[in-house]
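Student: Here is what each chain is made of, one letter per residue.
There are 2 protein chains.
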Amino acid sequence: MKIKVKKIVLLEELNKVSKALSSKNIIPVLSGICFEAKENKLILTASDNDITIQTYLNEDNENLEIKEQGNIVIQGKYILDIVRKLPDEYINIDVIDDSKVSIYTDNSEFNLNGINKKEYPTIHLEESKNKVMLSKDLFNEIINQTCFAASNDESKPSLTGINFNITGNILECNSTDSYRLSRKIVNLSDINESFNLIIPSKNLLEFAKILTEEDMIEINIFNNKLLFKYNHILFQTRLISGTYPNTSNLIPEDPILKINIDKDLLYNTIDRTSILATDKEKNIITLEIQGNHLNLKSFVAEIGKVEEKMMINNEMQENIKISFSSKYMMEALKAFSTETVDICFFGEVKPIIINSTEDKTLTELVLPIRTY
Amino acid sequence: MKIKVKKIVLLEELNKVSKALSSKNIIPVLSGICFEAKENKLILTASDNDITIQTYLNEDNENLEIKEQGNIVIQGKYILDIVRKLPDEYINIDVIDDSKVSIYTDNSEFNLNGINKKEYPTIHLEESKNKVMLSKDLFNEIINQTCFAASNDESKPSLTGINFNITGNILECNSTDSYRLSRKIVNLSDINESFNLIIPSKNLLEFAKILTEEDMIEINIFNNKLLFKYNHILFQTRLISGTYPNTSNLIPEDPILKINIDKDLLYNTIDRTSILATDKEKNIITLEIQGNHLNLKSFVAEIGKVEEKMMINNEMQENIKISFSSKYMMEALKAFSTETVDICFFGEVKPIIINSTEDKTLTELVLPIRTY
Chain A
1 MKIKVKKIVL LEELNKVSKA LSSKNIIPVL SGICFEAKEN KLILTASDND ITIQTYLNED
61 NENLEIKEQG NIVIQGKYIL DIVRKLPDEY INIDVIDDSK VSIYTDNSEF NLNGINKKEY
121 PTIHLEESKN KVMLSKDLFN EIINQTCFAA SNDESKPSLT GINFNITGNI LECNSTDSYR
181 LSRKIVNLSD INESFNLIIP SKNLLEFAKI LTEEDMIEIN IFNNKLLFKY NHILFQTRLI
241 SGTYPNTSNL IPEDPILKIN IDKDLLYNTI DRTSILATDK EKNIITLEIQ GNHLNLKSFV
301 AEIGKVEEKM MINNEMQENI KISFSSKYMM EALKAFSTET VDICFFGEVK PIIINSTEDK
361 TLTELVLPIR TY
Chain B
1 MKIKVKKIVL LEELNKVSKA LSSKNIIPVL SGICFEAKEN KLILTASDND ITIQTYLNED
61 NENLEIKEQG NIVIQGKYIL DIVRKLPDEY INIDVIDDSK VSIYTDNSEF NLNGINKKEY
121 PTIHLEESKN KVMLSKDLFN EIINQTCFAA SNDESKPSLT GINFNITGNI LECNSTDSYR
181 LSRKIVNLSD INESFNLIIP SKNLLEFAKI LTEEDMIEIN IFNNKLLFKY NHILFQTRLI
241 SGTYPNTSNL IPEDPILKIN IDKDLLYNTI DRTSILATDK EKNIITLEIQ GNHLNLKSFV
301 AEIGKVEEKM MINNEMQENI KISFSSKYMM EALKAFSTET VDICFFGEVK PIIINSTEDK
361 TLTELVLPIR TY
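Line by line, the protein sequences are chains A and B.
In terms of my numbering, the first sequence has 357 at position 357, counting the first letter as 1, and numbering is strictly consecutive.
In terms of my numbering, the second sequence has 310 at position 310, counting the first letter as 1, and numbering is strictly consecutive.
By construction, these hints were calculated from the structure, which means they are not laboratory data.
All figures in this text were calculated on a predicted structure; none of them were measured in a lab.
Hints are supplied without guarantee of correctness; some may be wrong.
Unchecked claim - A short, non-exhaustive set of chain A residues, derived as facing chain B with CB atoms under 8 Å: (1) 78; (2) 85; (3) 87; (4) 107; (5) 108; (6) 109; (7) 268; (8) 276; (9) 303; (10) 305; (11) 309; (12) 310; (13) 318; (14) 321.
Even glycine gets a Cβ: it sits at the ideal position worked out from N, Cα and C.
Same shape as in the complex, but just chain A (with noise of 0.2 Å):
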């Protein structure tokens, strides 16, 4: 392989594969970036064998040359480095014996170990028939609406994931870490069958940093792993296996009491009220409603207590008092980007429904805690 490519194309494509690398690594090969040079195409890949990013370059006049194919495996965080740090407007890259690599400008010159590119994995990076198109934008509002609800708990897996359950043209995204659940409603374009996976919720965050410009995102589903194509990248997750908690039924209806609020106001409040809450992973405070009356307290024998007022429309004139996490109370709210929400409840030992009329694909569970 012999190359002459324009650095800052070249950084920008190694940035994006980048992603896939990890330190943690323990097969070696999967700590470098494939080089894959054949006709016309530079092709990059790198995976962590839980997921795989690959992206390619064309070769013309400005950016690229190939004087001759080939393939090498390069070190990752180098060859990001080494690329990063030349100020050279073009990089040459040879590869020399099958296994070493020479990176060179006019001053500079780097000859690195790599690693033939026999002992890399096969990775299949086909298109499946079964395919879903979901915008950057509805994507990214998944993402940021459901990603922060899952469990990082890594003894229960499934809860790890979103839950992209496909029937007809609906879309429904949940996540659960069992004591808050997020539900996104979408539509969809019609499609012929169900599907129902769960995916990777770090790996839809890592997919999600690289979505910068506006396009199509191709879902191509398969049974244990998915492809997303956007842009001139492919993105490819492991599904997570097993079966997702039926969560159909979570979501009570009539609530013994509904306030229409404004979000941030009630966002700032509870955060106030959180900085004397006692329990340093979940912040639990108490919410009282008396009326038009809110108040929301928190006390730590220590340290000293806090009150909070504020006046609401209190439509049906119920009173309530209820203690819950206000890390994840304030990670609902969140997730909300109207001006407004409602906050239902259904009694003290029932969870709360946070829900807009603004925007009603979007609805945030929150499970009480009991404080006595």
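The hints should help you fit chain B onto chain A, whose structure is shown.
Tutor: Okay, now just chain B, sitting in the frame of chain A:
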């Protein structure tokens, strides 16, 4: 104590004194900020026994109303968080029963357990008859050009400080970790006495963070401490006892080879060469000068090698091969704000001296490292 104070003004002063709060403090009262409401004045003090910061607010119609004089010590992290997050323009702080404090606005009320001021250590912040004046810009320059070269190794206490040596109207500042040396010489207005002080480097860096406005710094010199007066802030630091090593004859004269070189160009070239350098701490690289060619090289058996070339103006036509820490050399170069620097070589096992004809006040020394 009963006060009403403008939020943004209080927050600004709390942020300043909070730099003296240490979360690791074993004396509980020192995790608090001491509030003293006197006639026409609110004084705020924080200390971790190593540094003390005091600032004040004057009573006026706009910023502060003192309704009742008194004092209290309030947990630093809570008072900061509360004041930062309260949305109101004014905040009321009332002391109840000597050791409880209520911080409230129209809709928010925080009741905290404070600590009685009697338990707060007495800290003397009087002026000294020995004073030195420095402008904020010059002080910042000294800090930026010397602190990086001080040692972090607490087993050699004197090397963790910056040596301020005042004789007549000359202030000479030295810092060294025994592998490199930074020397800054500036002129003062004439003072009568001589001083040889070792000031803790990390405390100087803390003080530098407070320096926002253009103003003079008055340094009050004591046997075992320094008191900086700046703006309306008092900042006191202990001095390190002991003798600073004699650095006066460390910098050789008459180099065998001296090159004048673009500072940024050399910095970036060393930065690239060190991508492949071995030692994680020091990143050893080798410099070779042959005639007008300067080569920088680094080699790591498992990974590969790098060679960088630069053309230089070698007036002396001498050659040299010398190895050093790229990290130390880069930090030495970064200390200069000039466009070019002079690199002076005295032999393969002798110190490398960096200075600049554009700024004669600064001299940097980096020791070579034997690689064979």
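Student: The structure should be examined with respect to each hint, and the outcome stated for every one.
Tutor: Quick rundown of the hints versus the structure:
1. For residue 78 of chain A, the suggested interface contact is upheld, since its CB lies about 6 Å from the closest CB of chain B, less than 8 Å.
2. With a least beta-carbon distance of about 5 Å to chain B, the hint placing residue 85 of chain A at the interface is held under the 8 Å criterion.
3. Because the smallest distance between the Cβ of residue 87 of chain A and any Cβ of chain B comes to about 6 Å, under 8 Å, the interface hint for this residue holds.
4. Evaluation of the residue 107 of chain A hint against chain B yields a held restraint, the C-beta minimum of about 5 Å falling below 8 Å.
5. Interface hint status for residue 108 of chain A: upheld, as the beta-carbon distance to the closest one in chain B is roughly 5 Å, under 8 Å.
6. Contact between residue 109 of chain A and chain B, as hinted, is supported at the beta carbon level, the nearest pair being about 5 Å apart and thus within 8 Å.
7. Evaluation of the residue 268 of chain A hint against chain B yields a held restraint, the C-beta minimum of about 6 Å falling below 8 Å.
8. With a least beta-carbon distance of about 7 Å to chain B, the hint placing residue 276 of chain A at the interface is held under the 8 Å criterion.
9. For residue 303 of chain A, the shortest C-beta to C-beta distance to chain B is roughly 6 Å, which falls under 8 Å, so the interface hint holds.
10. For the restraint placing residue 305 of chain A at the interface with chain B, the shortest Cβ-Cβ distance is roughly 5 Å, inside the 8 Å limit, so the hint holds.
11. Hint status for residue 309 of chain A relative to chain B: holds, with the closest Cβ pair at about 5 Å, below 8 Å.
12. About 7 Å separates the beta-carbon of residue 310 of chain A from the nearest beta-carbon of chain B, less than 8 Å, and the hint is met.
13. Using the Cβ-Cβ criterion of 8 Å, the hint placing residue 318 of chain A at the interface with chain B is not satisfied: the shortest such distance is roughly 22 Å.
14. Nearest Cβ of chain B to the Cβ of residue 321 of chain A: about 18 Å, over the 8 Å cut. The hint is violated.
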